[in-house]
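Student: With the sequences and hints as input, model every part of the structure.
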Amino acid sequence: MKTLLLCDRESVRYDGLDLCAQTQTTVQKAGGQTQTIILNCQEIKPCRGCFHCWLKTPGLCVMTDDCANTVSRQEIQADAVILLSKITYGGYSGDVKAFLDRSIPNISPFFELVKGTMRHRRRYDRFPYLISIGYDARTPKEQQTFLTLAERNALNMRPPQYFAFTMQSSGEVEATMQALEDILRREVWRP
Amino acid sequence: MSDIVFINGSPKAKDSVSGMLIDKIEALLQAKSSVYQAVSLLRNENNAAALTEILNARVLLIVFPLYVDSLPAPLIRVLNLLEEAAPKMAGQLPRLYGVCNCGFFEAEHNRLALEILENFAHCAGMGWGYGVGVGGGGFIAAQSKKMATGGPAFNVYSALRELCAAIQDGKTRQQNVLVRPKIPRFLYQLGAHFGWRQMAKKYGATAFLQAKPHREV
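As they're listed, the protein sequences go chains A and B. Add 10 to the 1-based position in the first sequence for the working numbering, that's all there is to it. Add 24 to the 1-based position in the second sequence for the working numbering, that's all there is to it.
Everything labelled a hint here was simulated from the structure, so no lab data went into it. Backbone N, C-alpha and C define an ideal beta-carbon position, used for all residues, glycine too. Treat the hints with care, since some could be wrong.
[To be verified] Only part of the chain A face toward chain B is listed, based on derived beta-carbon distances under 10 Å: (1) C51; (2) H62; (3) K66; (4) T67; (5) S82; (6) E85; (7) T98; (8) G101; (9) S103; (10) G104; (11) A108; (12) F109; (13) L110; (14) P115; (15) T149; (16) N163.
Tutor: This is how it looks when you write it as structure tokens:
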């Protein structure tokens, strides 16, 4: 099972831990293959909202001098995507969000109603399992915002299932990695 | 120093709905104000003076589009810079208000982005005024010239007017305001789809709109 691990730069040095490497090891322990990409918002250009990825070159961003189209392809071709992000005011960090903003070619511009609310239609028949792991939350409110954000992302991307974990301190890393291994074995890799 | 400072969180260089909303709010406020573009603040390495002006204002109003259920990435980075700079300020930090607009019909989509902005205010030590979430962004853009005098987007204009009154009087609200133009959802969706197809036609891409370039073969 192919897992795409998308991390921010801070995840490799979170409170003396390399959270990115730990997540990678956990996925492998659960029986998955990982491809890890450390995202850098200074290298990923901001989405400029031109909609060319929907209307001019459907499915591909017209900005081709960074990694966004390649990572978008890896996202669609993966069985599961893990977003490892510092919780930033309850949302994703600038690094992770820079890619998420540029991943909209993977959805359709057209709308449909999902549970009574307008959403974008899917471009692809399937989207990988989506797992969001947020670390370094400063307050329980930020943790709650992050969990709701993961739920909303899942409503838009419509993966088969989504999972979200939050941590306030490095003391919670071990338990989170155990929980990740469990859900990968029980829910994601299941036949 | 300006009494009111705006940050336009849209990465679009021109013709953004956020820019249009800022124009409306500026006209309503009739106060000395400055407008900064989030992407320009990041591009400029010598942005210390701009950050100081923003943090010394009485009111900071951030207007931005919803990007993937949240704030555009450049705006998140600007918030990081403001939070870093805030402890160096001697005086009181500005009170923050926010306006988020989205292309979905329902204004509810903006709720979480406004919550993220409020979380930022608390982290940076700023007061939180309140937020306005605007749905039907595509339609609002087309109503720009008429919305002040009536029509289906007049309620959006009214929400902006109330926001300006609150800013002038230094008032806050417990709840954010969510507002969308008064048109039926099916009509909004029909118009949006027609608009997409017209633009695709211009690029000769109508036949490929559902292309799946990343599908594994």
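Student: Against this structure, judge whether each hint is valid.
Tutor: Against the structure, the hints:
1. C51: OK, holds: C51 of chain A within 10 Å of chain B, min 6 Å.
2. H62: Result: holds, 8 Å to nearest chain B Cβ.
3. K66: holds, 4 Å
4. T67: Where the cut-off is 10 Å and the nearest Cβ of chain B is about 7 Å from T67 of chain A, the hint holds.
5. S82: This hint holds: S82 of chain A lies near chain B, its Cβ roughly 7 Å from the closest one there, short of 10 Å.
6. E85: Constraint on E85 of chain A satisfied, holds at 8 Å.
7. T98: holds, 6 Å
8. G101: For G101 of chain A, the interface hint holds, since the closest Cβ of chain B sits about 5 Å away, which is under 10 Å.
9. S103: holds, 7 Å
10. G104: holds, 4 Å
11. A108: Result: holds, 4 Å to nearest chain B Cβ.
12. F109: It holds, given that the least Cβ distance between F109 of chain A and chain B is near 8 Å, below 10 Å.
13. L110: Holds, because the Cβ-Cβ distance from L110 of chain A to chain B comes to roughly 5 Å (cut-off 10 Å).
14. P115: holds, 8 Å
15. T149: Because about 8 Å separates T149 of chain A from the closest Cβ in chain B, which is inside the 10 Å limit, the hint holds.
16. N163: Since the shortest Cβ distance to chain B is 6 Å, the answer is holds.
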